[in-house]
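Undergrad: Using the hints, put the two standalone chains together into the complex.
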Amino acid sequence: MPEPLLELHGVSVHFRRGRTLLRAVEEVSFCLEPGDVLCLVGESGSGKTTLGKVAAGLLRPTSGSVRYRGQDVWRLPANAFRSFRRAVQIVHQDPYASLNPIRTVADTLVAPLLHHGIARNWADAVERAARLLELVDLVPPEQFLPKYPHQLSGGQRQRVSIARALTVGPELIVADEATSMVDVSIRVSLLHTLRRLREELGVAFLFITHDLAMAKYFAWQGRIAVLYLGRVVELGPTPSVIGHPLHPYTQALLAALPEPDPELTRQKAKLLLRSLDIPSLANLPGGCSFHPRCLYFVAGLCDVERPPLDAVDEQRAVACHIVQQERTGSDALRARMEVPTWGNDERLSSERG
Amino acid sequence: MIKRRQSLNEPVLSVRDLVIQYEGAGGVVQAVRGVRFDLAPDESLAVIGESGCGKTTLGLALMGLLPKNARIIAGQILYRTRDGRIYDVVRLSGREFRNFRWKECAMVFQGALNAFNPVLKIWDQVLDTARAHGLRDRTRVRDQCERLLRLVQLDPDRVLQSYPHELSGGMRQRVMIALSLLLEPRLVIYDEPTTALDILTQRAIIEVLRSLRQELGFAMVFISHDLPLAAELADRVATMYAGRIVELAPVRHLFYQPRHPYTRGLLLAVPPVSGPLTTVASIPGSPPSLAKLPPGCSFAPRCELATDHCRSEEPPLCTVGADHWSACHCWSAVSLDRRTERLGGASHA
Chain F
1 MPEPLLELHG
11 VSVHFRRGRT
21 LLRAVEEVSF
31 CLEPGDVLCL
41 VGESGSGKTT
51 LGKVAAGLLR
61 PTSGSVRYRG
71 QDVWRLPANA
81 FRSFRRAVQI
91 VHQDPYASLN
101 PIRTVADTLV
111 APLLHHGIAR
121 NWADAVERAA
131 RLLELVDLVP
141 PEQFLPKYPH
151 QLSGGQRQRV
161 SIARALTVGP
171 ELIVADEATS
181 MVDVSIRVSL
191 LHTLRRLREE
201 LGVAFLFITH
211 DLAMAKYFAW
221 QGRIAVLYLG
231 RVVELGPTPS
241 VIGHPLHPYT
251 QALLAALPEP
261 DPELTRQKAK
271 LLLRSLDIPS
281 LANLPGGCSF
291 HPRCLYFVAG
301 LCDVERPPLD
311 AVDEQRAVAC
321 HIVQQERTGS
331 DALRARMEVP
341 TWGNDERLSS
351 ERG
Chain A
1001 MIKRRQSLNE
1011 PVLSVRDLVI
1021 QYEGAGGVVQ
1031 AVRGVRFDLA
1041 PDESLAVIGE
1051 SGCGKTTLGL
1061 ALMGLLPKNA
1071 RIIAGQILYR
1081 TRDGRIYDVV
1091 RLSGREFRNF
1101 RWKECAMVFQ
1111 GALNAFNPVL
1121 KIWDQVLDTA
1131 RAHGLRDRTR
1141 VRDQCERLLR
1151 LVQLDPDRVL
1161 QSYPHELSGG
1171 MRQRVMIALS
1181 LLLEPRLVIY
1191 DEPTTALDIL
1201 TQRAIIEVLR
1211 SLRQELGFAM
1221 VFISHDLPLA
1231 AELADRVATM
1241 YAGRIVELAP
1251 VRHLFYQPRH
1261 PYTRGLLLAV
1271 PPVSGPLTTV
1281 ASIPGSPPSL
1291 AKLPPGCSFA
1301 PRCELATDHC
1311 RSEEPPLCTV
1321 GADHWSACHC
1331 WSAVSLDRRT
1341 ERLGGASHA
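Residue numbers (our numbering), protein chains in the order written: chain F, 1 to 353; chain A, 1001 to 1349.
Isolated chain A, as found in the complex (with noise of 0.2 angstroms):
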């Protein structure tokens, strides 16, 4: 079991109202609206939600890698350092941000094969990347890099002298992680990390990951729409629903007792393997057109609970237990009848 994160560690990333909006042809899109949450040293968190929920953008903004059709409205995205320090990467210029990255923060994105060059082995992308953020000894990178392979469970001397596209995608996947790795970042975002791999291969990943973490400590953000990949490696997840953190607690917490129904309407419509047949159910209606929001809360057309209250004024994320966050007025009244009971069993109070 993971260890709950210390009071005295200050957070290595705090996001502050961040409001992100798309300019097109067909209009302003906001795509993030006031999210805001922190990530202590070593720890991890899910954001998790459908597709059109803003999750890759909050990924992208975290990264600096917004397209140009992105702007940042509002909010800040503030990162401390090994020294105490505190960058707002908001306000960082190209020149200091391709410092900052992969240095502090490295991201590994979902296709794994378009993340590298394909006329360079391996071995060379690894020296670029050394070289770009003045790293020159050869033989250091070749030992660090040889290290965290053997950490992802390849082949250093094989992998290394090897095109991207002679690697199965589950290696160049982990290929990726071991790179990302390569400058000690302090924290590391996972943009659907294990989407569209085999399910063997999947829980070779989550295997790397987690003894990674173990080996290394490192405070990790994983962006995915998959919440067994979320029930596996997060310490805390949020939830995301049209753009806002709907709700945010800890992993069994959101898991056994969710007090936001989006939350819950997920944990329904993806019932487990094992075990018996279990009721299963989908949330009515699909989720709003983010240039489009329905007044109030947005989640409001599919909820059951929904008063008039809900339709009218935007719910704030607020505290309804410890460490536990929801954007709901009516959360006293979100139960998930089928898994209560393992609550009981949990490790926490």
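Chain F on its own, in the form it takes in the complex (with noise of 0.2 angstroms):
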């Protein structure tokens, strides 16, 4: 049986700040086969960025495991962890801060592919970072590989780290917010430019994003977890989790989420919610962490016990024990749980009778 590419089990980080403890990430667990397109959702806080940071390996977590290839990556000798942190590469958010603005987009993608020995001499690494610019749409690449990062826009220079992580030629690639400092005119472009590196070089992506829209266009194809306070609430296929939420936090989420729309937002006024404070991570509520803001809250289950994030089908799986009851039980919840949708197809009418 072919081992999957990167395995996260049980991954817990946590932060000592002072006297406190934050606890950034609980007992995460997901799996990425090669080619795989998972997209990390959260508000800030959430603990996505410290997730992605565990999967490139750039952060020894607390407690749990990461495997990559079936092996513990934080048990690795040094040289196979050197060739794990070849094979996974992260994208940061910010282009202004990720390229070193004294070395020109030549020297930056150079410099892995001689270090490597991935290119023979200086004129090969040359050549083969030109073909990584034209991967990354910035043509001519003659006319990119002398500029400095200040000569290059916003758009540009996410596009030079994206080359510069594409050298060591990696399975998957960690991108944290990769898209959310462009400007929107510019963003998708570079959306679709890391969605054909996905289709022809077959690379995982791990897209991590606070933007749905972005995780929608992303990751049509692939699935989506939703993280809220350190955990994983909801995963499943994209299209499933966009169009027909389960978790009353995504579903919250969604019913909240302003469009581009004039009437399909303006019915949408109307938050899922108990309350606005979302609780600190120095002193996370017991029980469901979501239970002082969720509308379907039952006293006695939902502050007490911790849902687990189990299976409603072979896709899906939702930490919440509503969720779980409806499914198992015939409830008077079921009633509970309708929500409205906005502007989604009918498959979804049809589902519900």
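Honestly, the hints are just simulated from the structure, not real lab data. All C-beta atoms in this analysis are idealised placements derived from N, C-alpha and C, irrespective of residue type, glycine included. A few of these clues could be false.
[Claimed, not checked] Derived DEER-like restraints, expressed as beta-carbon distance ranges: (1) 1097(A) - 277(F): 36 to 42 angstroms; (2) 1277(A) - 97(F): 30 to 36 angstroms; (3) 103(F) - 1094(A): 34 to 40 angstroms; (4) 1118(A) - 315(F): 46 to 52 angstroms; (5) 100(F) - 1277(A): 36 to 42 angstroms; (6) 107(F) - 1277(A): 46 to 52 angstroms; (7) 280(F) - 1085(A): 47 to 53 angstroms; (8) 1311(A) - 103(F): 33 to 39 angstroms; (9) 1277(A) - 60(F): 35 to 41 angstroms; (10) 18(F) - 1076(A): 42 to 48 angstroms; (11) 237(F) - 1214(A): 37 to 43 angstroms; (12) 120(F) - 1277(A): 39 to 45 angstroms; (13) 1211(A) - 277(F): 32 to 38 angstroms.
[Stated by the list, open to error] No farther apart than 20 angstroms at their CA atoms in a straight line, the calculated lysine to any residue pairs in the SDA-like style are these: (14) 147(F) - 1288(A); (15) 1121(A) - 150(F); (16) 270(F) - 1292(A); (17) 270(F) - 1151(A).
TA: Listed below in structure tokens is the structure:
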């Protein structure tokens, strides 16, 4: 049986700040096959960036394991760990901070090619760098190779960052909000470039974003994991998570999301929440972390027992007592869980009968 | 649905052919080039555009808060006060402007943390603001302030006794929104009011703004790169590109039947989350540098409709429909196939 490319199992990351313990990530597990796309969606403080760093081997989890092709990466010998680090590359959010300002594009791309012995000599490396630039749609490459970062626009810098990640031929790219600092008119073309790399090179992606629209367009064929206060609360194929969210938090997010369509968005003016306050990571509520804000909260259950991330069908999993009860029993809760959907296809209404 | 403004209502704000330039080491940059619009009392206008299009400069100019290296070269910014007097704020002195600001026109900035004094409790800042504008009756200020804080869904007793750092980003933003209304201005300018806030907080702010407006009735100008926000809150939308308003229209017209290729491009680049996967496309190229604008229409190098005419002559902002303006030679050829079918169902003809 082929081993999965990357597997996170029960990963927790805790940070100590003075006397307080911040539980940034708690018991997260997921698995990426070669060529897979997984979107980590969450708001600020949900732990998505921390998870990205764990996946890329930049941060050692407090507990739990990270397995690359079946092997625990934190127990690998140094040279095997290096090849893992080569196989998983990260593209950061801020293209202004992630490129060395005193290196030209050519310097930035040639260095890893020579360092890892991928190119035989300088001329070969420059030749390869030019091909990488073509791959990320910076054409003609000769025009971009001698440029410094300050001579490039934000979108072009981000493309250079992507090209740099590609120099070492990665199997997985962790894209941490890679499109969020780029102007809207250019964001989509960057997304198209990433999608093309996935299709042409078969690179797997861990795509981290707070923007559900970007998640939808990047990972329509893949999966979405919704994070809330360090835990995955819902995991499933993108079309079903977005079209028919199950977890109350996902439902609230989608119901609240402003849409670029006046009719559609003005029907939405409704906040499916009991409270606006986000609990602090240093002082998480007991039971389900979402219960103080949840509309379907059941006292004595949700505030006592933490719901596990359980499967609802072969592809989807949800961490919610109410959803699981609804699935297993014929509860009066079914009626309460009916949520309005906006502009969704008929498939959903027919599903509900 | 918000009622269209009545023709009898005189505009609360009229901007006339405003030109603003920055003078720096790199030469002169025109950030705002001939902007012109009217704003009715109780109307909400969104100014949308990408970074560097001049929208923030425009907002700062409306408040008389331009940085030192910026100069208003031409044009007028006319405010009409409640008693019918008209002020051209371009010509107001610093002292006159201080009286005018916050009473007639308030502004809520993007980073609400930076707008507060970190070492003063919120209540002391409220008092400072009130005193600076001649309100000396503490009880009245307190009452008014508590009423506004309740309107933005905050607990006045807790918030007023807090320091800014004790409040979350969303709470600070709501305090700022409440504070902006303390002196009952006729116009409030919001610069990216929901940027950098979480989705659920964004929704709360949007609801607060909508209910405040219903309750208190004031004009709003939103400056934002966020199309969904404009779709939510604007009666009319102005698209800015390279320092100019290139399209100005009622919100449904602009979203369902844009008449400028740049607006169309923005709409196609920002897909809706709900519904099936629709086509998305980005605009080729990147925005021009304001220091080095192309001849003719500034959008021509990125426009698929561009002709030689576009590349030689800058199109003026012309009427292309009822209350719909576009600065494009080829406006009649612009069509948004993805969404035009929705217009039939919309409430206007």
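Undergrad: None of the hints should be skipped; say for each whether it holds.
TA: Outcome of the hint check:
1. 1097(A) - 277(F): 36 to 42 angstroms: 38 angstroms, holds
2. 1277(A) - 97(F): 30 to 36 angstroms: 33 angstroms, holds
3. 103(F) - 1094(A): 34 to 40 angstroms: 47 angstroms, violated
4. 1118(A) - 315(F): 46 to 52 angstroms: Given a distance of about 49 angstroms, which is inside 46 to 52 angstroms, the answer is holds.
5. 100(F) - 1277(A): 36 to 42 angstroms: 38 angstroms, holds
6. 107(F) - 1277(A): 46 to 52 angstroms: 40 angstroms, violated
7. 280(F) - 1085(A): 47 to 53 angstroms: 50 angstroms, holds
8. 1311(A) - 103(F): 33 to 39 angstroms: Between residue 1311(A) and residue 103(F), where Cβ atoms are some 37 angstroms apart, the hint holds.
9. 1277(A) - 60(F): 35 to 41 angstroms: 38 angstroms, holds
10. 18(F) - 1076(A): 42 to 48 angstroms: 56 angstroms, violated
11. 237(F) - 1214(A): 37 to 43 angstroms: Given a distance of about 41 angstroms, which is inside 37 to 43 angstroms, the answer is holds.
12. 120(F) - 1277(A): 39 to 45 angstroms: 44 angstroms, holds
13. 1211(A) - 277(F): 32 to 38 angstroms: Given range 32 to 38 angstroms: violated, Cβ gap about 20 angstroms.
14. 147(F) - 1288(A): 18 angstroms, holds
15. 1121(A) - 150(F): 41 angstroms, violated
16. 270(F) - 1292(A): Measuring from Cα to Cα gives roughly 46 angstroms; hence the hint is violated.
17. 270(F) - 1151(A): 16 angstroms, holds
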